[in-house]
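Student: Each chain, letter by letter, is given below.
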Amino acid sequence: MTPRRKRLVLVLGIIAGVSVAGALALSAFRQNVTFFFDPTQVTSGAVATGERFRLGGMVTKGSVQRAPGSLEVHFVVTDFKHDVPVSYTGVLPDLFREGQGVVAHGKMSGTTFVADEVLAKHDEKYMPPEVAKSLKKRQAESATPGGA
Amino acid sequence: MNRFILPLGIFALLAIVLAIGIKHSPEKGTIPSPLIGKAAPQFTLPVLTDTNRTFRSADLKGRWYVFNVWGTWCGGCREEHSALLEIRKTAQVPLIGLDWKDEDPQALQWLSELGNPYEVVAADREGRIAIEWGVYGAPETFLVDPQGIVVYKYIGPLTLEAWQTQFVPRLPPQQAAKS
Amino acid sequence: MLPELGHFALILAMLLAALQAFFGIAGPALGRDRWTAAVTPAVAGQFVMVSTAVACLIASFVANDFSVTYIAENSNSALPIFYRVTAMWGAHEGSLLLWIFLLGCWTVAVTIGVSRLPTRFAARVLGVLGLVSFGFLLFTLATSNPFLRLDPPAPDGRDLNPILQDPALAIHPPILYTGYVGFAVAFAFACAAMLEGRMDQMWARWTRPWTTSAWAFLSIGIALGSWWAYYELGWGGYWFWDPVENASFMPWLVGTALIHSLAVTDKRGLFKSWTLLLAVLAFSLSLLGTFLVRSGVLVSVHSFAADPTRGIFILAFLIVMIGGALTLYAWRAPLLKSQAGFELVSRESFLLFNNILLVIGAATVFGGTMAPLISDALGLGTLSVGTPYFNPTFMLSMLPLLALLSLGIHANWKRGHLGAAQRTILTTLVIAAIAGVILVFGVYSHGKVLSPVAATLGAWIILSSLVDPIDRIRRKLSLPRSVIGMSVAHIGLGIFVLSVTTVESFTLERDVALGQGERAVVGNYEFRFAGVKPIEGPNYNGVEGTVVVTRHGVPTSVVYPQKRQYWVQRQVTTEAAIEMHHGSNVFVALGDELGAGKWSVRFQIRPLVNFLWLGAFIMAVGGAIAATDRRYRTARQAAAAPVATPGVAEEGAG
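Protein chains in written order, with our numbering: chain G, 1 to 148; chain R, 1001 to 1179; chain X, 2001 to 2654.
Excised from the complex, chain G in its bound form (with noise of 0.2 Å):
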């Protein structure tokens, strides 16, 4: 092979190689995401069934329960519009608290929402950006004449 030659099976090389993995590297992005979703969009049935998502908004106060002694906690996420029952097993994070801005990871079981990761931000003042996003958004909707 001339030297020119061996540039340019070297050169090819590299474009396939990089071709390939940027299409994988897509694939692997559009199977992996999830999307977030609040409950006034999971109410309205804007997920689809079996799918994968990230639920958030504010803990219900006074709706965490558990069975005594019993790995597996139920409580209600709300954007104060809509509210979605959540069942969740194992350790919840330090910050989850009634009350509070939360995430989950999980599927929709029936009307329940079942998670399988709770989150909650590691800083009390600030609510999850999608979360506070999300309340603003619901807020706007139902904003009365008179009201700010």
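This list has only true hints and no planted wrong ones.
In the DSS-like style, the derived pairs of lysine-lysine whose C-alpha atoms are separated by at most 30 Å in a straight line are:
(1) Lys61/G x Lys1101/R
(2) Lys1061/R x Lys1038/R
(3) Lys2598/X x Lys2533/X
(4) Lys1038/R x Lys61/G
(5) Lys2337/X x Lys6/G
(6) Lys6/G x Lys2414/X
(7) Lys1101/R x Lys1061/R
(8) Lys1061/R x Lys81/G
(9) Lys107/G x Lys2598/X
(10) Lys2533/X x Lys1101/R
Every beta carbon over 12 Å from chain R, so not counted as near; a handful from chain X, in silico:
(11) Glu2004
(12) Phe2047
(13) Val2062
(14) Ala2063
(15) Ser2115
(16) Arg2120
(17) Pro2174
(18) Gly2341
(19) Val2430
(20) Leu2466
(21) Gln2562
(22) Arg2630
Honestly, the hints are just simulated from the structure, not real lab data.
Ideal placement from N, C-alpha and C gives every residue a C-beta, glycine not left out.
Given the coordinates of chain G, assemble chains R and X onto it according to the supplied hints.
Tutor: Showing chains R and X alone in chain G's frame:
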């Protein structure tokens, strides 16, 4: 066009996306309270200055009032304190304080050192009432009308300017005129 | 008084940084030698002022001066003195000051280091560093001043965020930032070369030790952060692909590519424009990391400061620095021609593949980190990208990288075949495969599809890295530090790969509800929960569980996981109990009280997980050894002579 300009082009695109990202990022001051236009949560709490007494928010019905959430641990509350004292002087509307997640002796010392702008301070030692009011962080200040409806919420240290531009115009004329 | 002194020193530092930038860039450009000579005093003055500011802030922290807003919000009189010092960089304002201070330290080191280099080039390097420093000082003074007073002063402070009250996290930011900031040096060298319009092999030899040292610091910084997340966050993971973690990992990946590309430029005078681009890119990603963490654009578990006005400022700064450097690149890089060619099967082409794969790896991480932001900005919905995306896509570029490493290490410069190395390659591969299979199926007896492959690759890297040093010793050849450093760093990588493989393949995890006296079995271990008791610390109280651990029925230890409630911030933290037995980490974290006398407890058995951080540490040590090679010192001395000496005939890409 040579290939050495390519990185610059990619960076320009990225800068545009970042600029849009900043525009969209949730700002502290713009998260409205889901309570606005709704009834203020009712509560019963001990009075900070006299813990034998209890304060019932239902007693406030029929009056305009300002509900201020603070704590001695919060720097912003210290910043806004002089503004609160000034507002008290105008006597336009009573200030109700909620001492959030605080130790009573420290809070009392704070009030005796800096002055007490409040008509009454409720001690929310566990922070439960603040949760009901949807408080993200201290200080936060709410304006509530005689029907007990939350009219406005201000996040962050209150200034006299914010008071004049945001609170006073929302008050009925005869009350606002007191200044 | 101290805070005002610090504030004033910071303003003076900014003015001196502006002078440093002006003299350093304008002096050589306009040929004014007196301006050029004024750079060094400006550097010294700026460093003295920044150090004064840091000293003032730390002294105010130690003295519990709660009339300073930043101190009132991040310290407390009950805080132990060690954390009062480290609280200085516990939040946004102070960590920026730390950034500037560390940049000052690097600049002083560079000033000493470049004193023998051509005067104009040295001035340009310092000028670019001055510009970076000026930008950060302006940002600090305009939007994030840590010296602002609180009137009236607070009686006590809000306390340091409890999750930061930890020895590893206390020293994590300075080390991580030293790495981040260190890439500013490579960036400055690259900009200086582009301003000169000239770049040769000597340039690469001057730049290499700085880049390698910065890379070593960044490696340790990232490893410390990962170690902290492992035991402090209470979840037992070591890497979450969190935006803040990715922000430090991307410059590391590009920095790794830069180290290898610099080796080619140094030895063979190739890849010149590519090396320049990587140097610009590594520092750009460091700046972008700062932007992502500090602007609130991407909010993650780590970010405690989010403010859009700061974001706008940092974006403007990014556009000036990165945009400026890339414009310079588009203008000057076409002038830099590589003279020599190379064969397909040569060390050059293996290092080219190394670079491409590392940049692809960084690009996949970048894509995943930015996707939520882009989707949001374009109104396509709020999405999240997590481990299910990052793990497979990142592996896609890393597995071939690891495989090519063991081949490339035996390849010679310029030549077109592996020659005599073929036997060595085959022998090491076979031994590594046997070791990998024994580890996966013999020791742990099960595994995933990729487990034996990854284990083989890890073992192969370790064996291959040993071949050259052993060969040199046997043949009584010289063993320069660059070769030792390279081998050590690659062995560290091999250990890291083996550890990740075992942890990802063989970790056992269970959340269990346990009452007093009840038992749980996880793998070979049995845990007996002996109940909880209250505890009290200097600024927190909480509960401590007692768990008796037995392995194969033999009692091994008693562990005490804690759950703490910090008084001032009312925050709960989980202090997991972690013990090492037979190479595995036994991890016990106390969850919530479940009622009926039961507690939720999380158990994890992670085999060889400690070797993960050990591997990263060994990599950093390798970098440190390589950075002290004699060649770099002689290169500096040679620069003082009028004619550059030809490259010393030593091999090794470390």
